[in-house]
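**Q** Under my numbering, the residue at position 53 of the sequence shown is numbered 53, and the numbers go up by one with no gaps.
Please note: incorrect hints may appear among the correct ones.
Said to hold, decoys possible - Restraint ranges, calculated between C-beta atoms of paired labels, are given here:
1) Lys133 / Leu75: 37 to 43 Å
2) Tyr132 / Val58: 29 to 35 Å
3) Val58 / Tyr85: 37 to 43 Å
4) Thr152 / His104: 34 to 40 Å
What the hints assert, rightly or not - In silico DSS-like cross-links for lysine-lysine, where the CA-CA straight-line distance does not exceed 30 Å:
5) Lys133 / Lys12
6) Lys12 / Lys62
7) Lys133 / Lys3
8) Lys62 / Lys133
9) Lys62 / Lys3
By construction, these hints were calculated from the structure, which means they are not laboratory data. The beta-carbon is built from N, C-alpha and C at its ideal position, and this holds for glycine as well.
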Amino acid sequence: MIKYIISLSNEKTTMRLGSAVAYSCQTTCSGCVIYLYGDLGSGKTTFCRGFLRALGHVGNVKSPTYTLIEPYTLLHWTVYHCDLYRLTTPEELDFLGIRDYFNHTALWLIEWPQRGNNNLPMADISITLQYYKNERQAETNALTSIGMQILTRLGPLKETLA
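With these hints in hand, go ahead and build the complete structure from the sequences.
**A** This is the structure we're talking about:
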């Protein structure tokens, strides 16, 4: 199992972490599911913004709190950014037809995955963003072989985040 704890001193370092993970994804896999945990304001959407911009998205990246799923069709990828904070029951995902989106070539960024229970694909990586002293930190965990490939590639990049 690969696990990193990375200090995030500000918004820019959180975006750089998102960029580094995106870079690792695009060079090691065809698809990936990333679960993002953390309190409100801990940097989950900021991470997603860095991730999407690294893959070529040039527009705004807003939290899909009200839409639940925001798809981004990029040159080489489709990225689905989900925010399940306002989900009242996991079954709501079925009403949205979320299973129709699942495939092995898409990248998934899922905020608040614990609210989706068993209605979500298994995560390759989990990232927990939390407050620590006067800054934030990210704990990354590889949960599958794809996740291990991505975090192995991330290893040398994590030192460049500060």
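**Q** If any of the earlier hints don't hold here, list their numbers in rising order.
**A** Of the numbered hints given earlier, those the structure breaks are 3, 4, listed in rising order.
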